[in-house]
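Enquirer: For chain V, the structure is supplied; the task is to place chains P and F on it using the hints.
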Amino acid sequence: MNLEALPWLILFLPLLSATAITLFTMRCRTTSALLSIGAIVTGFVLTLSFIAANGFHPAVMETSANWLSIGNLNIDFGLRLDVLSLMMVLIVTGVGGAIHIYSFGYMSEDRGFSRFFACMSLFTFSMLGIVLANNFIQLFIFWELVGVSSYLLIGFWFEKPSAADAAKKAFITNRLGDFGFLLGIIILWWWTNGSLSFDIAQQQAQAVIKSPYGVTFGDNFWLTIIGLLIFCGAVGKSAQFPLHVWLPDAMEGPTPVSALIHAATMVAAGVYMLCRVILLFNVEASHVIAWVGGFTALLAALIAIQQNDIKRILAYSTLSQLGYMVMAVGLSGPTQAMFHLTTHAFFKALLFLGAGSVIIALHHEQNIWKMGGLRQKMPVTFWTFIIGTLALCGVPPFSGFYSKDSILAQALEQRNYPLFALGVVVAGLTTFYMFRLFYIAFLGERRTGVAPVSHSKEAAQAGDESLRQAGSLSYEPHESPPVMAWPLRTLAVFAVIGGVIGIRGIFDSQFISDTHAERASTFLQKLFEPFAHAPIVAIIGLLAVAAGFIAARMLYRNAESDPLPAKLGWFATAMKNRFYFDEIYEATFIRAHDFIAAVMDWIDRWLVDWAGIGLVRGGTDFTGRALRLMQTGNLQTYAFLFALGVAVVLYLVLGK
Amino acid sequence: MNVGLEHYLVVSALLFALGLLGVITRRNLLVMYMSLELMLNAANLALVSFSRFNNNLNGQILVFFIITVAAAEVSVGLALIVALYRKRQTAHVEDLTTMKL
Amino acid sequence: MGLPDILFYVFAFLTLLCGVLVIANPFSRNPVTSAMFLVLTIISMAGLFVLLHAFFLAAVQILVYAGAVMVLFLFVIMLLDLKEEERRKIKKFSLIGGLVSVGAVVTIFVKSILAAQPGANLSTPTLEGETAALGKLLFTQYLLPFEVVSVLLLVAMMGVILLSKKDLK
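Chains as they are written, first to last, in this note's numbering: chain V, 1 to 656; chain P, 1001 to 1101; chain F, 2001 to 2169.
Some hints could be false.
Unchecked claim - Pairs of lysine to any residue, SDA-like flavour, derived with a Cα cap of 25 Å:
#1 F:K2166 to P:S1075
#2 F:K2111 to P:R1086
#3 V:K576 to V:S561
#4 V:K169 to V:I200
#5 F:K2111 to P:S1075
#6 F:K2166 to P:Y1085
#7 F:K2136 to P:L1062
Just so you know, these hints were derived from the structure itself, not from any lab.
Pulled out of the complex, with its shape left as it was, chain V reads as follows (with noise of 0.2 Å):
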């Protein structure tokens, strides 16, 4: 059975929905989110049985239609199918589903239920576009796609000002990665005489690096810069230094979102679109995104350190692991990419529902210095994100071990040892928050018996009718209701599993043709594969992990208030402001920005608008004033002037 009409319905499923939600069901709630969690959930079972019927290597791997043809400008919409494409679709419709599911549960007193639905389905939609696009330019249609809806998203409570300001942010620095992205897909079509679909152009690319004779300067170069441009989409997507400002603030939108699109799915696009054309790649460019994406992860880790808002931290550790996957890629990885996006996506959406339940218990308490003692009022999210955390900071047998070790190995392979101690230390630092993040909200005293007054009044400028109800009854925490509670556990036993069912292999046939003959078999095999295969890395990644958790436990265990700041001095200081990279921009590209806008305004009015634009219409008018004298308004005229013509034109014709 080919089953070919399948991934076109899997696509087009959830924009039905959207539509459905926008046109006809805005005003009942429960239709809503059932079309939409109906329309994901159907596409995750869709996608299963896809494979179930073609395996993960379909016979038709591509098919497209044309959809657009200028000259030798040649754009197909199509689809791609492998492997890469088909996990990534299960990753979005299962993770997606399971988050779909969880915000019926967590938006259930929110004004903008349908509204939040609909603008989910879109962005499942956009999501689909992207993983499933067999072209650049389809590829980067669907990227401003999600670019939107995350928009839409981010800014859901855009009553808020802080929310609009967040979703503005997110989408203009997404916008400056999107411009060097389009500039680069633009100079690869010029550089491949007109190819844009992703198996023409990595042929094209390989044939030139590998080619015997070596490769010319020219060619070299334009690789480069061809490299370094499409990299520069996955910067501003998947939120890398320096384009990274915009995530945490992205943290402004509802919890769901921030589970969806800033930690599973949207942010991952960027990792994977560089996996998908890995092969145009060539060193210097492969170099450059190593070492962005390993400065990120640091970066981003000791940032994470000196955060309280729960939402922040997980934000920070979020960058801080794409900054993992891009360096993976740069270290020419991809399978360890994908592997760790993978699992990240299952251990990072279980976090963030684990914090949006606990925030949802406190009524939108978001500081963890006013959380603790929540293991007893909220057992299943203390477990599961227990289990989210310890699958993080990769502690055996958890996914995040296994995905994470095999970056680490991937670096000492390539023998890149700066990257390799990079990769250890943020290992280590990732421990320290995440602990430091565990103690805090969850372990020790309750720190505050009831919400601050206050607390009400934010509630209600956002907007949120729930909150000044809930306000009146009872500060007590709560378990999550069940449609909250069963996501929660199904992310958890995948961020259990995740890293020994064998997803790994499954991306090994994808990027490597000779697929290792070595690679553990047994389930056994599998549990201990890392050590087995790179003893050292495991054990030095291992060492780091207890360094962190000793740490954090030394420090925060029944700590009151942060003892960081008092033995770091500045430096904690530094961290807490997130490095003033926020000021930076501010003061220099924002300033300049403000400046070279008043310079164009200053142009626009004065040179455009009244010179030409002014002197053009004024010439224009003087013309019409002059020429309007020559109407007389006089029937007579007009019928003689019109035989003249008449006359003349025969003349033409006849006459000669």
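Expert: Same frame as chain V, but now just chains P and F:
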């Protein structure tokens, strides 16, 4: 010399010219309108003679339609003139200079 | 020169003479006179149509044009009570301009007709008594245009009714 197609065509051309002259020189809207009818008739004459000398009836069909359309056109045109006269109390083109600024 | 040829010259002369009198009557510049001469023009044209064996069109010409259309003209002339024009002079400029342009058009027409001799190669006409054939053609091949024209007449009627309402909006 026998009367042939050319004779009719010349008569038609002359009649057409008379109509054109009338439109250009006369300033009474009604008379201008009559001149227009003259021009239409000149065209009809040419069509009928072509039809006759080419042994082809299509020309006559066309003339039939022209007459019908002309009747419709005259009725509408005259109604317009009447409406205009009601408003301006004149049917003289020199008094109708709204088009001039 | 047979009778039809003589009749052609007679009718052609009458047509042109009356045509001239429609646009420029040296004795009267009353629109009613113009209208009456237009009727005469049309009747003599009907004579030309008969000479061309277009009997049906000759009848239609007289019925529709001389009958209906010209009565409408006279109606309107009487309705508007136009006398003013008698006092106005024809402008020299428009007269000369008109004569020049019309002269140019006519010269080109006649010259090209005489030069081309379109009738020279044609066989003698054979169609006789075409009214039945005309009807057949009209109701078969030209049925759709025929129906469309009837709609056009209806539309014209409605337009006229609308235009003649007292308060146009």
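Enquirer: A separate judgement is required for each hint: does it hold in the structure or not?
Expert: Structure-based check of all given hints:
no.	hint	in the structure
1	F:K2166 to P:S1075	holds, 17 Å
2	F:K2111 to P:R1086	violated, 46 Å
3	V:K576 to V:S561	holds, 14 Å
4	V:K169 to V:I200	violated, 36 Å
5	F:K2111 to P:S1075	violated, 36 Å
6	F:K2166 to P:Y1085	holds, 12 Å
7	F:K2136 to P:L1062	holds, 14 Å
Hint violations for this structure: numbers 2, 4 and 5, all remaining hints satisfied.
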